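> If you read the protein sequences in the order shown, they are chains A and B. Anchor point for the first sequence: position 255 equals 255 in our numbering, and the numbering is continuous, going up by one each time. Anchor point for the second sequence: position 137 equals 137 in our numbering, and the numbering is continuous, going up by one each time.
Treat the hints as calculated values from the structure; they're not laboratory data. Please read all numbers here as calculations on a predicted model, not as lab measurements. Where is the CB? At the ideal position from N, CA and C, for every residue including glycine. Check the hints yourself; a few may be wrong.
[Stated by the list, open to error] Among the chain A residues that face chain B by a calculated CB cut under 8 Å, a handful are:
| no. | residue |
| --- | --- |
| 1 | TRP13 |
| 2 | LEU25 |
| 3 | SER26 |
| 4 | GLY29 |
| 5 | VAL50 |
| 6 | GLU52 |
| 7 | ALA69 |
| 8 | GLN83 |
| 9 | TRP87 |
| 10 | PHE98 |
| 11 | LEU99 |
| 12 | ARG239 |
| 13 | ARG243 |
[What the hints assert, rightly or not] Among chain B residues calculated to face chain A with C-beta under 10 Å, some are:
| no. | residue |
| --- | --- |
| 14 | ALA3 |
| 15 | LEU10 |
| 16 | ARG21 |
| 17 | ASP86 |
| 18 | LEU89 |
| 19 | TYR91 |
| 20 | LEU92 |
| 21 | THR94 |
| 22 | GLU255 |
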Amino acid sequence: MTLAVEARDLGRWYGDVVGVSDVSLSIEGGIVGLLGANGAGKSTFLKLLVGELRPSRGSIRVLGEEPFANARLYRRLGFAPQQDALWGDMTARETLEFLLRVSGSTKTDARRLAVRALERVKLVEAADRRVAGFSKGMRQRVRIAQAIAHSPEFVVLDEPLNGLDPLARRDTLDLLRELGAGGTHVLVSSHVLHEVEELTRTIVLLHRGRVLALGSSPEIRALLDRRPRRVAIHARDPRRLARALLDLDGVTAVRLGENGLLDVETSRLEELQARLPAIAAEQRAGVRGLSVSDASLDALFDDLVGGLR
Amino acid sequence: MRALAAASWLMFVTSLPRLLRSRRVLLVLLLALVPALLAWVTTKISSRPEPVEFAVNGGWLLLVQVVTPLASLILGSAAVAEEVEDRTLTYLYTRPMPRAALLLGRWAAIALVLLALLALSTWLFLVAASGARGGGPEIGADVARPLASAVLAGGLAYSALAAALGAFVKNPIVVGLGYAFAVEGFLANLPGRNQLLTVQHYLRSLIVADGSKTWADVEGFVGAGFVHGTTATFTLTAIVVASLVLGSLRVTRREFVMTS
Chain A
1 MTLAVEARDL GRWYGDVVGV SDVSLSIEGG IVGLLGANGA GKSTFLKLLV GELRPSRGSI
61 RVLGEEPFAN ARLYRRLGFA PQQDALWGDM TARETLEFLL RVSGSTKTDA RRLAVRALER
121 VKLVEAADRR VAGFSKGMRQ RVRIAQAIAH SPEFVVLDEP LNGLDPLARR DTLDLLRELG
181 AGGTHVLVSS HVLHEVEELT RTIVLLHRGR VLALGSSPEI RALLDRRPRR VAIHARDPRR
241 LARALLDLDG VTAVRLGENG LLDVETSRLE ELQARLPAIA AEQRAGVRGL SVSDASLDAL
301 FDDLVGGLR
Chain B
1 MRALAAASWL MFVTSLPRLL RSRRVLLVLL LALVPALLAW VTTKISSRPE PVEFAVNGGW
61 LLLVQVVTPL ASLILGSAAV AEEVEDRTLT YLYTRPMPRA ALLLGRWAAI ALVLLALLAL
121 STWLFLVAAS GARGGGPEIG ADVARPLASA VLAGGLAYSA LAAALGAFVK NPIVVGLGYA
181 FAVEGFLANL PGRNQLLTVQ HYLRSLIVAD GSKTWADVEG FVGAGFVHGT TATFTLTAIV
241 VASLVLGSLR VTRREFVMTS
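With the rest of the complex left out, here is chain B (with noise of 0.2 Å):
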């Protein structure tokens, strides 16, 4: 357990500089700016929005929805998958380091960077909306903070789903992209305990459980139907868990071909 510690360090270290060079990078930053363009353009050509409830819709819609699962499929795929498409797996593969520390060190980079870059475009989102000319009270914390934590544990549960799709799948962006938003877009629509197999469902949870009216007030997420705070949280982390344990399974038993 030592040597994959160390080995996934080493991974972490040597991986953030060419994480941060890479072309993913340089895509999900110009994502992350979508949602604060879009608010922007939207407060100059309307003077109807509230700045209040358009934070709230906008940012569960832009940023819950579709950047944040859209932004970790992109860079959480980027683990293993990448090195399988690129052929440069070999390299990676003969050298003296368990294969798990890969997967474990490229998903902490990855997750590092990619919460900097959703964390800038929440920020930048609720600038944006506050310029919103509709009258009302100003976007304060009771707004930012459950948008913000819904928005980076998102990132944290779909990045390493991502990390380990790459493990097992040719294609995870595409498998993932299937599954945030055409499974989880109709699971989480339907009625009963079907939201309960949707990451959706435990981001909206820990929304309630801020305790936030304005969220309450807005987009209508009140404490029936939702789980508990803790039970979110519990899950999410088992689903970020789960995910790299089984990647890394796969990882250390799965043979790549690459071809010539």
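So that you can see chain A by itself, here it is in the shape it has in the complex (with noise of 0.2 Å):
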């Protein structure tokens, strides 16, 4: 079976500075999540993938094809970059229809393929305005049916969900959800981790340029269970819950922050949790709002690799 992406000893550096460095994956197909913080190397990787860039070191294939300037991988690839640039003086529906002629589409089909993608992301009323005049939010779903007019076989995204309203958010999310399920292969990098869990369990994670972890996301999580976790908990009374919360299980240090603020690091989360608004209660610490410091990916990394450093 042809692999959507191998990559053997990937490397690429920008002068002195180290886009991705020694990665060596296979992506069977599917929806995958490319999930790094920033400046981890998600663009540098999603651009040796497309072919923008050339390797420094190592090398690629997508769908079995070098993809460097591969015109014959474009017809089977879509490609919606992370920057926000796109022709401002052409309407979104223009847009579309410029690309499709541009991939070989015939005039009539590249009207009915454009009017179908807008559809798809929901831009239809918006489709003879100028992009100049869209949200990021529009321009946002603009790049993303450009790279699923052509009905390719891989959709690759870069932030798709940046800028996005929720309901939009959730629209694309089903879209991609739809478009797995249709048989094509989708990889989406984020930097937000649940973001890629509500779309797939397959994930890759990569950090400074190299992957750190590729597999499920209860494989990721489980990694990321084994670190003690950091709890903000705001409250009235902080110093009487830090008293209680010490003698909880798991908890290994408790620091007091400002305006009532309490940083907490277990390494028992889920206990933390459950046992928390008993222990607020009992100890009338008016908890007003807790938080786990790390769903973002780039505290998830600190902890993953805060022993690496």
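Two chains, two frames, a set of hints: combine them into the complex.
Spelled out as structure tokens, the structure:
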């Protein structure tokens, strides 16, 4: 079976700056999330994958082909870049028709495919408005539409949920799931773990240009769970709460912050979350809010690679 | 090669309407009106210039030496560099077409629009110059034909150079302006064979080859020191072809790093 992506010792530098380094991975297909904090090398990896860049070392094959300037591959590939750049003087419909035409579609086909793609990203009503007047979320949807308009086998999307409002975000996730269910390979990059978890269980974790983990989201979570987690609790009386929490199993440190903030470090997050309401009531601490500080991948990576630095 | 030709044609067809609506074309249109406007103002405020003399001197200075290279650079550099600057190149680079088609198709569209604008500029200038009140003969084909051929040939050569420059350097307009006005201006005024390195020399040679007595009398363009008309045409064609071939190779092989 042809792999969707196969990278061997892939490396790419920009002068002295490492984009990606020693990346070896095989992605069979389906929906895959590419996770990494900002600067992790996600965009560089995707640019290598779509042939916008050449590897400095190693190799990458996409659908069995070397991607750089490979016109044959581009018939089978759709790419939505992260950069918020479109032709501002063109309407959404013209943008799609133009790109479909230069892809070889006839005028009639381009018109039909453009409308279909705009329908799929729910942008039909704005189809004849100039892109320059679009919101960030609408432009994002145009970028997604041009990537899927020619019904490619493999869709690569760099941070496609950036700038979308909750409704558009949900629609986009539905669209990507629909594409996946229809047999299209979808690779989505993001720096937000829960976004990707909503879409797929198959995750590639990039950190500082290297693949940190490749597996299912529970496996990634398990990696995380072996590390202490930090929880920020806002309480009316944080001192009383701190004393009580220190007696709890798994809590390794508690720090008092300003304005009622309590910074708790625990290796047993679920137990803390389960017992906190009762403890808070018992201590009359007046808990106003709780947030797990590693919800973003930055913190996840900090946890996972803290020992490697 | 057939795929390249087909893709270039598609690029040409799809680029033309976009180009016609672009601000660059509007800018070049305004630029194209400048020689006629200056000629009209001059003929209104002064009764001294003779139509023919004014058309030859002004045509060479304003049209061939300023408007043609400037308009060509403004439009020609848009072929690739504009997509890089606007970070829209990614969309075109991930399409199933030879990358060279981007440069060739877009340059063809640019050249068509540019030549139309330069022809308009030349015609308007000559109409305005014919209003000069200094007496003497009227502007005829012996003035207009050499001027138009130099302007149009210059447009093709400079725009191809600018399109190719856009594939090599980040700021093709700046580099192109430096070449057209500083380097060419310098070399064209040096004695000896240095002039062979300038586009202007071949444009002058085209005018000389036309055999116009008016141009010889007024601007001093006479045989000695100029290349034969065939050589000038061949060299200008070679400049266009070489620019497009080198630009195409560069576009095909070069990575353009788009930042987020």
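> Of all the hints numbered above, which does this structure not satisfy? Sort the numbers upward.
1, 2, 3, 4, 12 and 13
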